[in-house]
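Student: For reference, the chains in residue letters:
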Amino acid sequence: MSDRRKRVIPGDVITSGSYRPDQNTVLDGRLIVSTAVGVSEIVDDAVRVIPLTGKYMPRIDDMVVGKVTSHTSLAWELDINSCYVGFLPATDVFGRDFSARSDELASRLKRGDLVAARIANSDRSRDPLLTITDRDLGKIDSGELVEMSASKVPRLIGKRGTMIQMIETQTDSLITVGQNGWVVVSCEDPNGLLKAKEAIAMVDRLAHTSNLTDRVREMLGGRS
Amino acid sequence: MGGRATDMVLLDENGIRCDGRRIDEPRSISIKAGVLKNADGSAYIEFGDNKILAGVYGPRDIHPKHMSDADTGILRCRYHMEPFSVTERKNPAPSRREIEISKVIKEALAPAVMLERFPRTVVDVYIEILQADGGSRCAALDAASVALADAGIPMRDMVSACAAGKVADTIVLDINNEEDQAGQADMPIGYMPNLNRITLLQLDGVMSLDEYKQCIETGIRGCKLVYEIQKKALMEKYFDGEAER
Chain A
-4 MSDRRKRVIP GDVITSGSYR PDQNTVLDGR LIVSTAVGVS EIVDDAVRVI PLTGKYMPRI
56 DDMVVGKVTS HTSLAWELDI NSCYVGFLPA TDVFGRDFSA RSDELASRLK RGDLVAARIA
116 NSDRSRDPLL TITDRDLGKI DSGELVEMSA SKVPRLIGKR GTMIQMIETQ TDSLITVGQN
176 GWVVVSCEDP NGLLKAKEAI AMVDRLAHTS NLTDRVREML GGRS
Chain B
8 MGGRATDMVL LDENGIRCDG RRIDEPRSIS IKAGVLKNAD GSAYIEFGDN KILAGVYGPR
68 DIHPKHMSDA DTGILRCRYH MEPFSVTERK NPAPSRREIE ISKVIKEALA PAVMLERFPR
128 TVVDVYIEIL QADGGSRCAA LDAASVALAD AGIPMRDMVS ACAAGKVADT IVLDINNEED
188 QAGQADMPIG YMPNLNRITL LQLDGVMSLD EYKQCIETGI RGCKLVYEIQ KKALMEKYFD
248 GEAER
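Respectively, the protein sequence lines represent chains A and B.
For the first sequence, our numbering assigns the number -4 to the initial residue and increments by one for each residue that follows.
For the second sequence, our numbering assigns the number 8 to the initial residue and increments by one for each residue that follows.
Just so you know, these hints were derived from the structure itself, not from any lab.
This one's a predicted model, so the numbers in the text were calculated from it and none came from an experiment.
Be aware that one or more of the hints could be misleading.
[To be verified] With a straight-line Cα cutoff of 27 Å, these simulated DSS-like cross-link-like pairs (lysine-lysine) come out:
id: 1; chain 1: A; residue 1: K147; chain 2: B; residue 2: K110
id: 2; chain 1: B; residue 1: K239; chain 2: B; residue 2: K58
id: 3; chain 1: A; residue 1: K147; chain 2: B; residue 2: K39
id: 4; chain 1: B; residue 1: K220; chain 2: B; residue 2: K110
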């Protein structure tokens, strides 16, 4: 690990240089201080801490996996593994000509269904608004839900998707990754499913270590 | 002045206290982070004979809804003693003392946590005293702070706590149960070590201004010792104990 990366806990001083405090840091006088347990890094002029723990905070344009918990006559409520519930309006699923009188929401999405959605809007005053009108979004018909820490999802995807592509090809599975730490693995071969789940668990456990892609490949028994 | 009449020698001529410690020596402290699977963050502390579990949930939806604040998240804290934590069975219902300690712990943690990023939510801190032996509010605060960090709640700094006090006209670090009962003064201190700020300061007893200053200094020294142990506990959980590599 280079000297620019440090292992920090809340309150640790990362640097006193003139940098911009980014994610999970605060400026205290001239010092930039970490607010989370994680690994600090200095990229260009910004200092940030990649957290190793914590709940998912919705960000606009994030792709998430949600679970339907209930619905009103106009919208579904989805558990998105966050401190807020996701709100999926009915017009998004039925289209413009949705009518609360004739369309029954339960006919499309039932309680417990998994949905791949994108966060359309999220601000401090309201619960996050979801949308499924995009390619690859919508109800997830098959697969198994695996939970991991939301802060480690970037590691599962890897640089330009290398990690996730490697796991998919090695296990012959299809993996839907939500930024909220919920991952759906679907695979015809039960052994492949087990392997893929193990790989995800491994990334979750060893996210802070280096050279992870090679080690996961090795675990899956693949060639480099 | 102060203290209950006792035959116990609280401080002998060699400067050794009733449990064999020197005047500036804390009890043995060990902390383990992340001991509970179902809580978002947790910690277990053994502080001398104190055994305390802390669990943190959140940020999460707030119930009852009327407590929610549209501008910021809120902190709730419960300090609770198990019926078996003391020699006589303690009624499990919250006592006056527990309600007070819940309040002071909440207020000691509040300057550290940054909940303004989570409007309409709550962070719940549950502290269970499994075994009590004097200074449990400090130990509880230490565990709660590690549990909050384990839950990933953004914090400006850790909160470390340790008591100091006056026994046999001498300022000593980390008062135990006997010294609390028979000693002259007890001062629990909560402290943010990197920001150098005090978040909890209570004093039960009488002391002169000089003694007061010395007592705060002694207590802060204790807090810094505790901080190292808190740091180690978090490093152990998240980095397999290696601080730097």
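Student: Now tell me, hint by hint, if it's right for this structure.
Tutor: These are the hints, each one checked on the structure:
Simply put, K147 (chain A) and K110 (chain B) have alpha-carbon atoms about 35 Å apart, too far for the 27 Å limit, and the pair is violated. For the given pair, K239 (chain B) sits about 18 Å from K58 (chain B) by alpha-carbon distance, which is consistent with the 27 Å threshold. For the proposed pair K147 (chain A) and K39 (chain B), the alpha carbon gap of about 22 Å is at most 27 Å, so the pair holds. This hinted pair checks out: K220 (chain B) and K110 (chain B) have alpha carbons roughly 25 Å apart, not beyond 27 Å.
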